[in-house]
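Just so you know, the protein sequences line up as chains A and B, in that order.
Position 49 of the first sequence, counted from 1, bears residue number 48 in numbering that gives the first Met the number 0, the numbering being contiguous throughout.
Position 477 of the second sequence, counted from 1, bears residue number 476 in numbering that gives the first Met the number 0, the numbering being contiguous throughout.
Among the clues, some could well be false.
What the hints assert, rightly or not - The calculated lysine-lysine pairs, modelled on DSS-like cross-linking and capped at a C-alpha distance of 27 Å, are:
1) B/Lys172 / A/Lys113
2) A/Lys52 / B/Lys491
3) A/Lys18 / A/Lys2
4) B/Lys195 / A/Lys113
5) B/Lys97 / A/Lys6
6) B/Lys439 / B/Lys460
If you are wondering where the hints come from, they were derived from the structure by calculation, not from laboratory data.
Predicted, not measured: the structure shown is a model, and the values here were computed from it.
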Amino acid sequence: MAKKTFKGRVVLPGEVTGKATVSRQAFNTSGSYMDNMFAGRTDAAPCTDSSNKELYGKDISGAILCTPTTVGSTMGGMCLMGMKSIGVGPQALLFSKPIDTLAAAGVLMADIWKDQRIVTIDMLGDEFLETIQMGDPISIHEDGTVEVG
Amino acid sequence: MKRREFVKIIPAVALVSTGACGKLEDSAAVSAPATGSQSLSDNPKGFSVADPTSHGDPGAYDVVHCDQFGVDSEGNPISDSLTGTGSDAGLKKHDPDKPHKMTLTQEEQDILSGSKGETMAKVLKTIVMHGELFGAERLADCGGAPHSSLYTGSPWVEPVLEMFEEIADAGLKAYTPYTVNPMPLDLYTVGQDPEKRNMMLAGYPLQGRLIQVHTRLGARSLDNWSCACYLPEVGNTAEPGTVVPWAESSAVNYGNSVLGLRINRMATGMEVLCAIAGKVPIFGVLTDEGRKAKWHIEVKLSKEPHWGALGGAVGTKVVEQIPYISGIDQWIPMEDGKPDLVAMGKLKAFGSSTASSGAVGLYHMEKVTPEAQEQGRKLLADDHQTYVIDDAELARVMGTFENLWKDKDGDPTSVYIGCPHNTYDEILYWSKKIDKAIKKSGQEKVAIPVVMACPIVVRNKLLDQHPILLRDVLRAGVQFTTICTPAYQGLKGMADIDRGVTNSNKARFYSRLRLFGDDDLLQIAMTGKLPA
Chain A
0 MAKKTFKGRV
10 VLPGEVTGKA
20 TVSRQAFNTS
30 GSYMDNMFAG
40 RTDAAPCTDS
50 SNKELYGKDI
60 SGAILCTPTT
70 VGSTMGGMCL
80 MGMKSIGVGP
90 QALLFSKPID
100 TLAAAGVLMA
110 DIWKDQRIVT
120 IDMLGDEFLE
130 TIQMGDPISI
140 HEDGTVEVG
Chain B
0 MKRREFVKII
10 PAVALVSTGA
20 CGKLEDSAAV
30 SAPATGSQSL
40 SDNPKGFSVA
50 DPTSHGDPGA
60 YDVVHCDQFG
70 VDSEGNPISD
80 SLTGTGSDAG
90 LKKHDPDKPH
100 KMTLTQEEQD
110 ILSGSKGETM
120 AKVLKTIVMH
130 GELFGAERLA
140 DCGGAPHSSL
150 YTGSPWVEPV
160 LEMFEEIADA
170 GLKAYTPYTV
180 NPMPLDLYTV
190 GQDPEKRNMM
200 LAGYPLQGRL
210 IQVHTRLGAR
220 SLDNWSCACY
230 LPEVGNTAEP
240 GTVVPWAESS
250 AVNYGNSVLG
260 LRINRMATGM
270 EVLCAIAGKV
280 PIFGVLTDEG
290 RKAKWHIEVK
300 LSKEPHWGAL
310 GGAVGTKVVE
320 QIPYISGIDQ
330 WIPMEDGKPD
340 LVAMGKLKAF
350 GSSTASSGAV
360 GLYHMEKVTP
370 EAQEQGRKLL
380 ADDHQTYVID
390 DAELARVMGT
400 FENLWKDKDG
410 DPTSVYIGCP
420 HNTYDEILYW
430 SKKIDKAIKK
440 SGQEKVAIPV
450 VMACPIVVRN
460 KLLDQHPILL
470 RDVLRAGVQF
480 TTICTPAYQG
490 LKGMADIDRG
500 VTNSNKARFY
510 SRLRLFGDDD
520 LLQIAMTGKL
530 PA
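All chains should be built: construct the whole structure from the sequences, respecting the hints.
Here it is as structure tokens:
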């Protein structure tokens, strides 16, 4: 596929290269990591949100997660911080919409207090999610540029 | 010492064990119901809101602790612009060459530069960066007292505990003593069963550490730990318009709506950072514009509803948008222009359900809540939508509730009253109701345990005001506990041994408990059987 470039707002900058994990519906953070939060699993992160047809059952450990925004419990931010700490959190969060307060709190607390960065770009636009497919090669740059393909 | 003075200073358990007795003074007629009068006997199997995350194999966990899901029963997004603030107000666009920055006072800039130490600089940096992402122009000084929703000592919360411990190690404390959500374990009442006690200890191994760090940061005594921090006996409340750092969806909902406070729904952890700094960024429902209602809920019911079920209908529809509700004030008793103590229970049940079935952080109720009394329908946004709830619509919503018991045809094993925590009027109402039924039936005890959740200070008021009634209901098998019912019900393995019923739509939403009206619950408690 032809390479396509998107530009978003930098929440937490960084350079990340990998394959896209896509949730076209808003990602329910705490609902997706239940095995890790409550069953003590640390070797993988099978998505436990059965309403998420794209991700349910897939290992989302270390994902470059592309989604509109996150939803779910007010524990969602703390969940991101906790999952990053036990090694199954996302490498990067790429939001087509503005970031929500829960994800923002989670990535900021992890970064500032635990020195564990989840590279985060938001406001990438609807076309970003219309374009990207599961497994697409993706490159994230410090200035908020995201290359797909 | 007079007997009255004696019973005031001895614990309730001592009243039971010593057989203290006196004139039965509390068997008066049961007063107005706490959670609404509508019988749910049309659906004797109980019901549970269609929960998209519960359709599959629950796997290693038993419940989903989510304040909202953002998807409908088919898995389709209801909204993809949720901010979790209880309002969708926030920054919608940005200039990449000129990122939004808030204006800070000289003192705040100095703190960021380390004038109060490295740790306080990190606290404020987190708050400022967070606020700037949502277009906050400045920070507000907090008033009242904070309330924290970090209350479960599960292993995965350790990074947040470490953050709190770093703050405590630096000698920092909240700007004033604060309240915390109720404990997820109680080793004395519901914990008398060794199997359940071990589940609690296994499920929350970091509980002691959590209590310790909250204590170091300035939390009030555990007698006051409650999700309903605004209860008069706990007293975490403030004048309308006060900005407070609270997390706990039901408390935020009640504080914004009924008390007129200004509180964004905060991610757990952020509320304590704001409590340490004494500052909160201004955006979302802290602004006048962010408190406009995007939905007009026209209630056209023929009788008083089950307040939790009504809240479930509203929350499911509006998700996190702010609703303005009309046509319901005739069932809300007022005193001196404010909802009275009976109304507190109804609004608590309604609001907590909007906040769990949806993510509502603020609602306005015509002629009831302070801003609705002042501004009326001027609170409706120009582009608001309308949702009519009549008898048929409420019945439709209640019909979507499911029976999630593992043994769907089994008999109930426990009755859970109070989620959020009961008010004093609610425990008095239920105690009288149960006491009357016990004496009428000739039974010594209820057939299955009745678990009554409230903070210690509320239970103590019953001991003070109605000691004989408390003695009698304790003897009859009512267990007064401080526990958080959903956290207790969510323990791994609990659903295998407990088939619970409840009066709380919030508790039902977060667990496998089944919802019933008050009269049905009493019958279940007395017989151990579902209504025919």
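Hint check results:
1. A hinted pair counts as satisfied when its Cα atoms are at most 27 Å apart, and B/Lys172 with A/Lys113 qualifies at roughly 20 Å.
2. Taken as a hint, the A/Lys52 and B/Lys491 pair is honoured in the structure, with Cα atoms around 26 Å apart against an allowance of 27 Å.
3. The straight-line distance between the Cα atoms of A/Lys18 and A/Lys2 is roughly 14 Å, inside the 27 Å bound, and the hint therefore holds.
4. With a C-alpha separation of about 35 Å, the suggested pair B/Lys195 and A/Lys113 falls outside the 27 Å cut-off, and the hint is violated.
5. In summary, the hint linking B/Lys97 to A/Lys6 is supported, as the alpha carbons are separated by about 14 Å, within the 27 Å threshold.
6. Restraint check for B/Lys439 and B/Lys460: the C-alpha separation of about 26 Å stays at or below 27 Å, so the hint holds.
Violated hint for the displayed structure: number 4, the only one.
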